[in-house]
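Trainee: Next come the chains, spelled out residue by residue.
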Amino acid sequence: KQEVTQIPAALSVPEGENLVLNCSFTDSAIYNLQWFRQDPGKGLTSLLLIQSSQREQTSGRLNASLDKSSGRSTLYIAASQPGDSATYLCAVRSSNTGKLIFGQGTTLQVKP
Amino acid sequence: DAGVIQSPRHEVTEMGQEVTLRCKPISGHNSLFWYRQTMMRGLELLIYFNNNVPIDDSGMPEDRFSAKMPNASFSTLKIQPSEPRDSAVYFCASSRGAGQGMTEAFFGQGTRLTVV
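Heads up: the sequence lines are chains A and B, in that order.
The opening residue of the first sequence carries number 1 in our numbering; numbering runs sequentially from there.
The opening residue of the second sequence carries number 1 in our numbering; numbering runs sequentially from there.
For reference, chain B alone in the conformation it holds in the complex (with noise of 0.2 Å):
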């Protein structure tokens, strides 16, 4: 398996436009969870999938923010619209299983976001 697959790598956009992040998780895999870096921060949770359903969006944090997963082979994260506060390294990561029989999470390799 190729594992979680992001795409773009790398985005740069000016502010108040949109942006979709996307992720492809490990075929099998039944969650999926969106996360954002900062140096400040650390890994958020941002939100976190079962079975394409949105189980927690706690973390969104705000209106401007929104996930989907219309299928268990791909996942959206879009902002819209952006400002320079989002600036970040987006993380998409999935895992199999229920309850204990939870397996390891594995990560994408990210997206990172620049908006000017």
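With the rest of the complex left out, here is chain A (with noise of 0.2 Å):
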């Protein structure tokens, strides 16, 4: 059963910082994983799609890396904002099931 982890639960830093978001998978059996957006309140925004043949996409100041193999996918933000205050969810996509199954997410505070 594919099991998707997300480390830290939460994280608080200061405007400018660059900070790294952590998502494993235990079934390296996948199509592709992606990264999402939710705002309090609201729907999930898609931000990244990496395919399980891809090492890693870049869309503005985010970039998310996969290394398949070792089940593990990285969201870095580059200089980050206030306006990046949301939870980030990874979600992945199983080859053996079809189904998209998603982490806990990572709470992400930016201070002004």
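Calculated directly from the structure, the hints in this document are not laboratory data.
Hints may contain errors.
Distance condition first, Cα-Cα at most 25 Å in a straight line; then the derived BS3-like pairs of lysine-lysine [stated by the list, open to error]:
id, chain 1, residue 1, chain 2, residue 2
1, B, 78, B, 68
2, A, 111, B, 24
3, A, 99, B, 78
4, B, 68, B, 24
5, B, 24, B, 78
6, A, 1, A, 99
7, A, 99, B, 24
8, A, 68, A, 99
9, B, 24, A, 1
10, B, 78, A, 42
11, A, 111, A, 42
12, A, 99, A, 42
13, A, 68, A, 1
Computed list of chain A residues with no C-beta within reach of chain B, every gap over 12 Å [what the hints assert, rightly or not]:
id, residue
14, 1
15, 4
16, 12
17, 14
18, 27
19, 38
20, 45
21, 60
22, 61
23, 71
24, 82
25, 87
26, 94
27, 100
Pairwise CB distance ranges (calculated) [what the hints assert, rightly or not]:
id, chain 1, residue 1, chain 2, residue 2, range
28, B, 97, A, 69, 40 to 48 Å
29, A, 20, B, 14, 44 to 52 Å
30, B, 84, A, 78, 39 to 47 Å
31, A, 17, B, 83, 41 to 49 Å
32, A, 61, B, 40, 40 to 48 Å
33, B, 30, A, 15, 27 to 35 Å
For every residue, glycine included, the Cβ atom is placed at its ideal position computed from N, Cα and C.
The two chains are supplied separately, each in an independent frame; assemble them into the complex guided by the hints.
Mentor: Next up, the structure:
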């Protein structure tokens, strides 16, 4: 059974810092991995999708990496801003079942 | 495209009543997911459809929950009878493709269900 874990559960940093969010998964049989952002009381917004054959994807200040063999992904946020404050979730698409399985998320607070 | 559309956005109902949540996936998407989100349990996958066929419903908590996808543009999640512990935000998501060509999943805004 695929399990997805995100560390840390919460993170507070001053504005301008670079930071890394971690995601690990137990079964490397995946089609892709996706990072989402969720603001309080809102839906999920897709940030980045990494296919299983890829190593990383970049969008603006965000860079996501994938090491499928070790079951790990990181989301790097450069020059963090207060507007980056949200919960960040990673999800893997299992190639055995087709399911999209989520971690518990990392709640980020960027202080001005 | 308007994205994944869910209705209603908010639902308050009394215990024992039937509740029906609706979802319109993005046109052309062939995978549809229903999730439930609570503070305690996070995002739980309830059921997954591919090409309108339920592939995995192992996350459906009880027989009180049922889901249908009569066509590629519409799905429902029904709870009958509803209970206070069903109170949560229910999300629908869709994606396109198959195998290595699967695209990213897009989520609706969710339905906040409160059962009193």
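Trainee: State for each hint whether it applies.
Mentor: Okay, the hints, checked on the actual structure:
1. B:78 x B:68: holds, 9 Å
2. A:111 x B:24: Answer violated: residue 111 of chain A to residue 24 of chain B is near 38 Å, above 25 Å.
3. A:99 x B:78: holds, 21 Å
4. B:68 x B:24: Distance ~12 Å between residue 68 of chain B and residue 24 of chain B Cα, so the pair holds.
5. B:24 x B:78: Since the Cα atoms of residue 24 of chain B and residue 78 of chain B sit roughly 15 Å apart, the hinted pair holds (cutoff 25 Å).
6. A:1 x A:99: holds, 11 Å
7. A:99 x B:24: holds, 19 Å
8. A:68 x A:99: Holds. Residue 68 of chain A to residue 99 of chain A sits at ~17 Å (cutoff 25 Å).
9. B:24 x A:1: Status violated; Cα separation ~29 Å.
10. B:78 x A:42: Holds, at about 22 Å.
11. A:111 x A:42: Holds: residue 111 of chain A and residue 42 of chain A sit about 21 Å apart, inside 25 Å.
12. A:99 x A:42: holds, 22 Å
13. A:68 x A:1: holds, 16 Å
14. 1: violated, 10 Å
15. 4: violated, 10 Å
16. 12: holds, 19 Å
17. 14: holds, 27 Å
18. 27: holds, 15 Å
19. 38: Violated, since 9 Å does not exceed 12 Å.
20. 45: The assertion about residue 45 of chain A is violated, with a minimum of 8 Å to chain B.
21. 60: holds, 16 Å
22. 61: Given that every Cβ of chain B is farther than 12 Å from that of residue 61 of chain A, nearest at about 19 Å, it holds.
23. 71: Correct as stated: the minimum Cβ-Cβ distance to chain B is 18 Å, above 12 Å.
24. 82: holds, 23 Å
25. 87: violated, 10 Å
26. 94: violated, 10 Å
27. 100: violated, 6 Å
28. B:97 x A:69: 40 to 48 Å: Between residue 97 of chain B and residue 69 of chain A, where Cβ atoms are some 24 Å apart, the hint is violated.
29. A:20 x B:14: 44 to 52 Å: holds, 47 Å
30. B:84 x A:78: 39 to 47 Å: holds, 44 Å
31. A:17 x B:83: 41 to 49 Å: holds, 44 Å
32. A:61 x B:40: 40 to 48 Å: Check failed, 32 Å falls outside 40 to 48 Å.
33. B:30 x A:15: 27 to 35 Å: violated, 42 Å
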